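Given chain A, put chain B in place with the hints provided.
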Amino acid sequence: MMTEIQTETTEVQTTRGKVYVIDRGQTRLRAGQGLLTGLEVVFRHFRDALTRKLEKPSQQTGVFTVQYPEERLKLPEAFRNFPILLYDDETGQELCTSCFQCQRICPPQVIHMTQARDPATGKPVPAVAEFLIEYDACMSCGLCAEVCPFDAIKMDHEFEYSTDVHGGLTLNKEALNRPISYYEKIAPTFWAEVKDSAMKKLQGNMKRRPDLIGVAPQMVEKIRAKRAEAAAQAPAPAPATTEAAPADKAARLAAARARAAEKAVEAAPEPATDSAPTDKAARLAAIRAANAAKKSEGAAEAAAPATDSAPADKAARLAAIRAANAAKKAAAQRDGSEE
Amino acid sequence: MTDILRSWIGSALPDWLIVLIAYLLVTTIVLFYAVGNFIMMVWAERRVVARMQDRLGPNRVGPAGLLQPIADAVKMFTKEDIVPRNADRWVHLLAPIVALAPVAMMLAVIPWGRGWEPIDLNVALLYMVAVSAVSGVGLMMAGWGSNNKFALLGAMRAVAQLVSYEIPAVTALLTVVILAGGMSLLDLPYMQAGVPIMGATILCGDPAGCSPLLYSTITSFPGSPSEPVQALDLGLGWWVFTPVGLLGFLVFFIAALAEGERTPFDIPEADSEIVAGYMTEYSGMKFATFYIAQYILNFALSALAATAFLGGWQGPGVAALANMGGPWVHVAAALSAFYLLAKIWILFFVMIWLRGAFPRLRVDQLMDFAWKLLLPLALVNIMSASLVVGLTQWTSAQWGGLVNLDGFAPWQRQLIAVLVTAVINIAATYWILSINQRPKQVEWDEEELVVAP
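Sequence order for the protein chains is A and B.
Here the working numbering is used: the first residue of the first sequence is 1, the next is one more, and so on.
Here the working numbering is used: the first residue of the second sequence is 1, the next is one more, and so on.
One or more of the hints may lead you astray.
Residues on chain B that point at chain A, a partial pick, calculated with CB under 8 Å [what the hints assert, rightly or not]:
(1) 47
(2) 48
(3) 51
(4) 54
(5) 56
(6) 353
(7) 356
(8) 357
(9) 358
(10) 361
Source of the hints: derived by calculation from the structure; they are not laboratory data.
Predicted model, so just to flag it, every value in this text is computed and none were measured.
For glycine and all other residues, C-beta sits at the position ideal for the given N, C-alpha and C.
Excised from the complex, chain A in its bound form (with noise of 0.2 Å):
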């Protein structure tokens, strides 16, 4: 009865894909013999679902049970359940430029976003202040992945959002964010496509973006670190000897300085009528800035001798041009709150 020969599929290739066919043993049986047959086809299952899983699509008989939160099935890329929002790994910059196509496309409504101005001048910029999305509203269509022309929103894998809080699941800019290496991870033949022209889109965007907007809350930290780092690293090469440690110092800490009072402005409440302390504050650090590079300056020439001194003057150089851009932008504000 029981034969030792599988009745295992066999898989065909046809020009329209792969097909698989399987063996039904006899087609005409004769009076009982459908009894029996019908018997042996569910002990077979029977056997096998004791002793293997069912692993390929030609295999006919064996557990297919996926033990879902132990064992999970690969998810196919273009699997999409919520957007998320895409952000540069290196330069932390967001991709999305606040077009508010995704907000107008989204047939429930549930995307809000709020367009990021410059401070000094009031601006808009291509980037964005807040992005909500409303988690426990969306639709899952992907119309927002498919009709954003900078490829910063993109459908998520990521499904298991059940909770009792319902309001948990409207999202803000920090939790929507990812990095672009998580989508790629999730789904490198897509972003393989889009990758030159959104990265390009972004080299274009950054541009116009002052300073630190646009890049994601979560490596705001890193990334002034890292500027700060890049800037003190300048005068790096070769032996940087005791002179030019000191010059090195000073950059630093001019531009130090000058983001301090970067932030100072920034902090500065818009409609402030009173805006003389921090203005004041404002031009005291760009003094200093200037102070600070033009000693550093002195440094990096007298060190010049020494090494080649054109980074520290560089960094020295950026500390001034911040210190001055902080004061235009203070003098701006000031005129602002003024009329």
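This is chain B only, laid out in the frame that chain A set:
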């Protein structure tokens, strides 16, 4: 049990009290045994059917899902007991009890092991059949009392099925009665000692040289003279190995499936047609009671089939251990109880297997099957059984000189009986199957069908 208690506390208590206590103890043990088996059967059925369908089945509660029945029981206990507004309250309440009680009573006469029988009843087979029929009343009460058309339909189907399948079942059991010459279930396993096909007919030539491990004293076997003889006993002389027993077993087992409402005969509770049949309006523990009744009925019918045809507790080694005497008798009893349990579980596995393989029959197919196939086969089998008794036990005078087998040895007579009945049974089975075959489709000549203008 009574004797053990008598020897322990015989002087302290009056005898009637000891008997009462003994029977209460035995009843408790048997009921616990049955319910324990019920719990394991529910678990096993779910697991085995799951494997047959390439699934895993319940495997989360406890090791391998073994505690699942406990979780289910807790669920059943905490469920609301709903009685429909227009239901007959008392009938609705009593129905599960009336369904369960006779099933539990069936357990009283089954010999669970060598020397382990709750009651020695000389009409045990009749008692089994009669009592199991009572549970049909419970089903009818459930259907009627629920005041629900599905329940009533289910009950009608259940009763119709029970009544019509009792006939082949009883007729198949009649062969056992003829072979055993009595209705006591207690004697059946003893009669099925010996070796396959030949039974206990291979006698010991030299009474002194026969090892008690292989030969045991048989008081009565088909064809034996009345005095005890020493016969080769491997504990395998089950009647299922003879043509008469095989056919009887098949007919009885199929009828038992129908009586126990197992797939493919689960018409009374066909959930795809009539919700859950007579159990439609039941919930909580009342539903659980029906459920228990059904499984214990299956358990009891499996035990009956095993006892009647598969040798009951008879198996290799039981007789040898019993012959060694002393404490080994208890070991033999335990081994024999294990054999019976194993047979019950194998039969239960076959029930699950059939459930996994076959779809449900239609009502008319069910009736056709019982009346046109099983009953004629069972009747033929009665004739064969009578022939076996005649060929193995009757003297020439009893035959009226028609057949003279007096000069033959018991094993020769047994062989003749087996051959004759094999021919009869195979021929009858083939003939009855062929006359029951679906008539051939008439092939129309297409040109003839064209109506002339």
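* Looking back at the hints listed earlier, which ones does the structure fail to meet? -> Those not satisfied are hints 1 and 10.
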